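Trainee: Protein chains in written order, with our numbering: chain W, 1 to 327; chain L, 1 to 339; chain S, 1 to 365.
Just so you know, the hints here were simulated from the structure itself, not pulled from any lab data.
What you are looking at is a predicted structure, and each value in this text was computed from that prediction instead of being measured.
Hints are supplied without guarantee of correctness; some may be wrong.
Listed below are the simulated EDC-like cross-link pairs for lysine to aspartate or glutamate, each with C-alpha atoms no more than 20 Å apart in a straight line [to be verified]:
(1) L:310 <-> S:195
(2) L:310 <-> S:50
(3) W:265 <-> W:281
(4) S:77 <-> S:103
(5) W:265 <-> W:294
(6) S:324 <-> S:124
(7) L:310 <-> S:142
(8) W:68 <-> W:91
(9) S:77 <-> S:45
(10) S:242 <-> S:221
(11) S:98 <-> S:142
(12) W:278 <-> W:174
(13) S:193 <-> S:45
(14) W:265 <-> W:238
(15) W:265 <-> W:299
(16) W:57 <-> L:228
(17) L:239 <-> W:281
(18) W:186 <-> W:238
(19) L:310 <-> S:127
(20) S:98 <-> S:195
(21) L:334 <-> W:147
Computed Cβ-Cβ distance ranges for the label pairs, DEER-style [said to hold, decoys possible]:
(22) L:197 <-> S:325: 38 to 48 Å
(23) W:117 <-> L:279: 19 to 29 Å
(24) L:243 <-> W:28: 50 to 60 Å
(25) L:329 <-> S:160: 37 to 47 Å
(26) L:48 <-> W:110: 44 to 54 Å
(27) S:73 <-> L:48: 19 to 29 Å
(28) L:279 <-> W:312: 51 to 61 Å
(29) L:329 <-> W:134: 53 to 63 Å
(30) W:275 <-> L:335: 40 to 50 Å
Which stretches of chain W does chain L cover? Using the computed rule of at least three CB atoms under 8 Å from a CB of chain L, they are [to be verified]:
(31) 111–123
(32) 223–229
Beta carbons: idealized from backbone N, C-alpha and C, even for Gly.
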Amino acid sequence: MLLVTKDLTTGYSQKKEQVIIHEQLNISLPEGKMVALIGPNGSGKSTLLRTIAGLQKPLSGSVLVDGKNLFSCNNAEKSTLISLVLTDRIEAGYLSVEQVISFGRYPYTGWGGNLSPADWDRIEQAIILCHLERLAKKPFSQLSDGEKQRTMIARAIAQDTPIVVLDEPTAHLDLSYRVEILSLLKQLSRNTNKSIVVATHELDLAMHLADQLWLMPAQHQFFSNIPEELALNGNISDSFNSALVQFDEWSGTFRINRHPTKFIKLTGAGPRAVWTQKALEREGFGIDKKSETEVVLTEEAWCINNETVLTLTALISKAKEMLNEQA
Amino acid sequence: MNFALNRSHFVYPLLTLLLIIFFVTDVCYGTVYIPFSEIWQIMAGIEVSHGNKFIILDFRLPKALTALFAGAALSVSGLVMQTFFRNALAGPYVLGLSSGASLGVALLVMAGSFFGGLLQFGQWGIIIAGLLGSGFVLTMVMAASSRITDSVSLLIIGLMFGSFTSATVSLLQYFSIPELIQSYLFWTFGSLSGIGWEQLGFMIPAVLIGLLLSFSLQKNLNLLLLGENYAVSMGLNLKTTRILIVICCSLLAGVVTSFCGPVAFLGLAVPHLTRGLFRTADHRVLLPATAMLGAALLLFCDICTQVPGKDITLPINALTSLIGAPVVIAIIMKRNQRL
Amino acid sequence: MNTYKTVFLLVFLWACGSSTKNGTTTESTEKKVIKPKYARFFQLEVDKNDTALIILNPWKNGQPTQRIQLSGRSAAKSIVPMSTSFYGYLELLGELDKITGIENQDFVYNAQILERVNSGQIKELGESGVISVEMTVRMNPDLLIISGTEILGPNLNKIQQAGLLILNDMDWQEQHPLGKAEWIKVFGLLLGKKEKADSIFGEIEHKYIALCDTLRNRLPEKKANVILGYNYQGTWFMPGGKSYVAQYLADAGAQYPFNTDTSSGSIPLSSELVFKQYSEYPVWLNPGSCRNKKDLLLLDSRYGRFSAFKKSAVYNNNRRSNVKGGNDFWETSPANPHLVLADLVYIFYPQILPDHQLYFYQPLK
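When you get a sec, could you build the whole thing from the sequences and use the hints?
Mentor: As C-alpha cells, this is what we get:
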C-alpha cells in the first residue's frame with residue numbers, strides 16, 4: 001500500500017486569503033519503511049502531517065492511498081487506512097492499558113463496540129510488539145510517560161492500518177524513552193510491513209534509524225531522501241547551520257560554534273583524546289597543531305608543557321593558568 | 001477478562017434490587033399513613049377508600065414513576081455531556097441546559113397569552129418548548145467548545161448561557177401578567193409531584209427514546225474518551241455524533257426539566273458515583289448503570305423529602321443538593337490529588 | 001443516520017396526533033343571570049332546574065372562570081380556608097366550627113381557631129404553593145377556599161383532580177368595600193345559609209350607606225388630607241385611586257392625593273417624593289406594623305418630622321393583633337366594612353361620631 005501525493009499544496013485559508021506552506025509536493029511513502037519528518041517549528045510540519053493523515057484538506061492536489069483519493073473517503077474508511085499517534089493528553093480515568101489498545105479495533109466493530117476473538121488476537125499482537133505484556137491490566141493513568149506512549153502506539157498497531165502517522169511521539173519523554181520509542185517504531189515498520197511517518201525533532205536518532213528523511217527547513221522548501229544523502233548533499237548543514245551551531249559531517253552530530261582565542265596542541269589518540277579535546281573546547285580553547293602550548297596524553301595522565309596532572313579537571317585549571325600568564 | 005464486567009455481575013442485581021425497594025418504598029411512604037395491606041388492595045383494583053386510592057394511584061405512583069424516569073434521564077444526560085466535553089464537571093445545569101429549557105417553557109407560557117389560552121399547546125407544547133430551548137443552548141455551548149480548549153472556560157461559558165437565559169426570563173416577566181409569572185414561578189421550584197398520568201404519557205416515551213439513543217451512542221462515546229482527534233481517526237463521524245448528542249440530551253434533560261423544573265446535581269454527581277462504583281470508563285457498562293443509579297438515587301431523595309414524624313414535605317432540590325454537593329466536592333478534591 | 005431520521009419522523013407524527021384539546025363550553029338559551037349589587041366577580045346562573053355559582057376572572061375582563069353547580073349540592077360541612085381573610089365571613093355565618101384545616105397558625109388572630117389548631121381539631125396543611133396533597137385528600141374537606149388566582153399550581157391542581165371543590169374566591173380583587181362584603185353570599189350559598197347571608201349583608205349594607213349619608217350631610221368645608229403606607233427600601237407604596245382603600249377614604253370623606261389615579265393596586269412612589277411633598281398631611285394611616293411612635297422612629301427617624309406624627313394623628317389598623325403577627329383587621333374587615341368605615345370617619349371627623357370606640361384602628365402614641 002503506497003501513499004503518494006500528487007502536486008500537493010498544503011496550507012490554510014485565513015479570511016478569504018490562502019496561505020500556502022508547501023507547493024506542488026510529489027512525495028511517496030514506501031511500504032514497510034519508517035520516514036522521519038524533520039524541520040523547525042513553523043516550517044509546516046504539522047500541516048503536512050495533518051494533510052497526509054487526512055485531517056486537513058490540502059489547498060490543491062491530492063493524497064492517494066493505494067490509488068484512492070484520501071479526501072474522498074469518509075471517516076470510517078480513513079480509519080482503516082491511517083492511524084495516528086498524537087501529543088494529545090489522554091485523561092483515561094479507569095481505563096486499563098488493554099482497553100485503550102482495544103479502542104484501536106473500533107473501526108472494525110459494530111455499533112456496540114463489541115470485540116470478536118479476531119479483534120482480541122490483534123490486540124494481543126499489538127501488546128506483544130510493544131512489550132506491554134506486564135502492563136496490560138494496569139490502569140493507563142498509572143503508567144510512566146514512556147509506557148503511555150507505547151500504549152498509544154500499540155493502539156495504532158491494533159488499528160491495523162497500512163500507514164501510521166506519529167506527531168512528535170518523543171516530546172516530553174526522557175532520553176531513554178526517546179531512543180526506545182524510535183527504535184520500536186523502526187522495528188514495527190520492519191515486522192509489520194507498515195509505513196510509518198514520524199514527525200520529530202530528534203535529528204540524531206532520526207538519522208540513525210529512519211529509512212527516509214523528509215526535510216523541511218522552512219516553508220516552501222522540501223527535501224526527501226535517505227539520511228546519508230541529505231547529509232552529503234549538504235541539505236542538513238544548509239537547513240540547520242547557524243551562527244551558534246554547525247552540522248559536523250564527520251560525526252553526524254551538531255557542534256556548537258565556538259570562537260576560541262587561545263589554542264592548544266593536542267597529541268594523543270583514542271577516546272581519551274576525544275574527551276580531552278571536548279573538555280578543552282568547552283572551556284574555550286581551540287585545538288591547533290601550531291600552538292606552543294602542548295598537551296600530551298600519557299598512559300594514565302596528562303602532560304601539559306611538561307607538567308604532569310592526574311585529572312582532566314586539573315589539566316583544565318593548569319591550562320588556564322598557563323595561557324592566562326601568557327596573555 | 002474485564003474487571004468492570006465482572007464487577008457488574010455483582011453490582012447490577014444489587015442495583016436492580018435497590019431500585020425496586022426504593023420504588024416500592026416511595027409509593028408506600030408519605031405524609032399520610034396508608035397501611036401496606038391497603039396499598040396492595042388498591043393496586044389490585046379493590047377500592048377501600050376513595051381518598052387513599054387517589055393518593056396512591058394518582059399521586060404517589062405518578063410521583064414515583066417521575067422520580068424513576070427523571071432520575072435516569074438526568075443522570076445519563078450528565079454522563080453523555082461529561083464524556084463529550086471531556087469535563088468532569090459538565091452536567092445539564094452547569095452547561096445551561098436547564099436554563100435553556102426554562103427559557104423555552106417561559107417563552108411558551110408567555111407567548112401562550114397571545115393565543116388566548118394558557119393550555120393552548122398542552123403537554124406537547126411543553127415538550128417542544130423544553131426540547132428546543134435546551135437544544136438551542138447545548139448547540140451554542142458545543143459551538144463554543146470547538147473554539148475553546150480550556151475546560152474551565154467552557155464551564156464558565158455554560159454558566160454564562162445559564163445566566164443569560166435566566167435574565168431573559170426575568171425580563172420577559174416584566175412584560176407579562178402576574179398569573180403567568182406565578183405559573184412560571186411554581187415551575188422554578190422543581191417538583192416531582194406535579195406530574196399526572198397524562199403528562200407521564202409524554203414524558204416516559206421521550207425519556208425512553210432519549211435513553212435508547214444514548215445507548216446507541218455507546219461506541220461513539222467510548223471513542224470520545226480519547227479525545228476528538230483520536231476519535232475521528234478511528235472512524236467517528238463528529239458531526240453526526242454531535243447532532244445525536246444534542247437530540248439525546250435535549251430529550252433527556254430538556255424534557256424532564258420542562259416538566260419537573262430544574263432538579264439539581266443529579267446529572268453532575270451520578271455519573272461520577274457510577275464510575276467509582278464500577279471502576280470503569282466503558283460506556284457499555286456506564287450507560288445502563290448510570291440510568292439505574294440515577295433512578296434509584298432520585299427515588300431515595302424523594303422518599304427523604306418526607307420528614308418522618310412531621311407533616312412537612314421538603315423540596316426535592318434541597319435533597320438532591322444535600323447529597324450532590326458533597327459528591328461534587330469530593331470529586332474535585334480527588335482530581336486535584338492525582339495531579 | 002437514516003434509521004434515526006425515520007424514528008424521529010415517527011415520534012413527531014405520533015406526538016402530533018395526541019396533543020390535548022381544550023374543552024368546549026355549550027350555552028343554553030334559557031339562562032337567567034343574577035348579578036350581585038356591588039361585587040363584580042361572581043354571579044348566579046339560574047336555569048330551569050339548575051342553579052350555578054359563577055366566579056368571574058378579573059384578569060380577563062370578567063370572563064367566567066369557575067362554575068359551581070349549586071342545585072343538588074349539599075351544604076359544606078368541612079371547610080379549609082386557605083387565607084385568614086375568609087374568617088370574617090365564616091364567623092358572621094356562625095360556621096367557624098366547620099373549619100377542619102388552614103394553611104398554618106402563623107399570622108392567625110382568631111382565638112377559637114388557634115385553640116382548635118392546638119387541640120388538633122384543625123390541621124395545618126401548608127401554604128397554597130406547598131399544600132400537602134396527601135393530607136388534604138385524606139381529610140377530604142367539602143370546601144377548600146383560596147384567594148383566587150388563574151393558576152392553581154401543581155399541588156392544588158392535584159387536589160382538584162382528586163375531586164375536591166376549590167373555591168376561587170375573588171373578593172380580594174373587588175374594588176368596593178361593599179363588593180368585598182357581598183361575598184358573604186357566596187359562602188352562604190355553599191354552606192346552606194343563603195337567607196342568613198343575604199340578611200346579614202343587607203344589615204351591613206344599610207349601616208354602611210347610612211354612615212355615608214350622615215357624612216355627606218355634615219361634611220365640613222375643609223376635608224381631611226390623608227396619606228398611607230411607609231418607606232420600604234426607597235419605595236413608598238400608596239393605594240391606587242381605584243383600589244378599595246381609596247373607596248373607603250372617599251366614602252369616609254377624606255381627601256386622598258391619588259384619588260384620580262386609575263390603578264386598583266398600589267402605586268410605587270419614590271420615598272423621597274413622599275418625604276418632600278406629603279409630609280405635611282395631617283393624617284397618616286397604616287405605617288406598616290408599628291404599634292407606637294417609638295417603633296416608627298426606630299424604623300426611620302425622619303418619620304418624626306411628619307406633621308401627622310407631631311400632631312399624633314398617625315393611626316394603624318393593628319389594634320386587634322397578637323404577638324404572632326395575627327391581625328384581626330385582615331380577618332374580619334372584608335366582611336365588616338361598616339366597622340372600618342366607622343373607624344375612618346371617627347379618625348377624620350371625630351365630631352360626627354363622638355361616641356365611637358375605635359375597633360380596628362389605634363392611634364400611635
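Trainee: Against this structure, judge whether each hint is valid.
Mentor: Okay, the hints, checked on the actual structure:
no., hint, in the structure
1, L:310 <-> S:195, "42 Å, violated"
2, L:310 <-> S:50, "44 Å, violated"
3, W:265 <-> W:281, "12 Å, holds"
4, S:77 <-> S:103, "18 Å, holds"
5, W:265 <-> W:294, "5 Å, holds"
6, S:324 <-> S:124, "16 Å, holds"
7, L:310 <-> S:142, "25 Å, violated"
8, W:68 <-> W:91, "35 Å, violated"
9, S:77 <-> S:45, "24 Å, violated"
10, S:242 <-> S:221, "24 Å, violated"
11, S:98 <-> S:142, "10 Å, holds"
12, W:278 <-> W:174, "24 Å, violated"
13, S:193 <-> S:45, "18 Å, holds"
14, W:265 <-> W:238, "31 Å, violated"
15, W:265 <-> W:299, "18 Å, holds"
16, W:57 <-> L:228, "17 Å, holds"
17, L:239 <-> W:281, "59 Å, violated"
18, W:186 <-> W:238, "27 Å, violated"
19, L:310 <-> S:127, "16 Å, holds"
20, S:98 <-> S:195, "19 Å, holds"
21, L:334 <-> W:147, "24 Å, violated"
22, L:197 <-> S:325: 38 to 48 Å, "41 Å, holds"
23, W:117 <-> L:279: 19 to 29 Å, "25 Å, holds"
24, L:243 <-> W:28: 50 to 60 Å, "38 Å, violated"
25, L:329 <-> S:160: 37 to 47 Å, "42 Å, holds"
26, L:48 <-> W:110: 44 to 54 Å, "53 Å, holds"
27, S:73 <-> L:48: 19 to 29 Å, "26 Å, holds"
28, L:279 <-> W:312: 51 to 61 Å, "56 Å, holds"
29, L:329 <-> W:134: 53 to 63 Å, "37 Å, violated"
30, W:275 <-> L:335: 40 to 50 Å, "49 Å, holds"
31, 111–123, "holds (count 4)"
32, 223–229, "violated (count 0)"
Violated hints for the displayed structure, listed by number in ascending order: 1, 2, 7, 8, 9, 10, 12, 14, 17, 18, 21, 24, 29 and 32.
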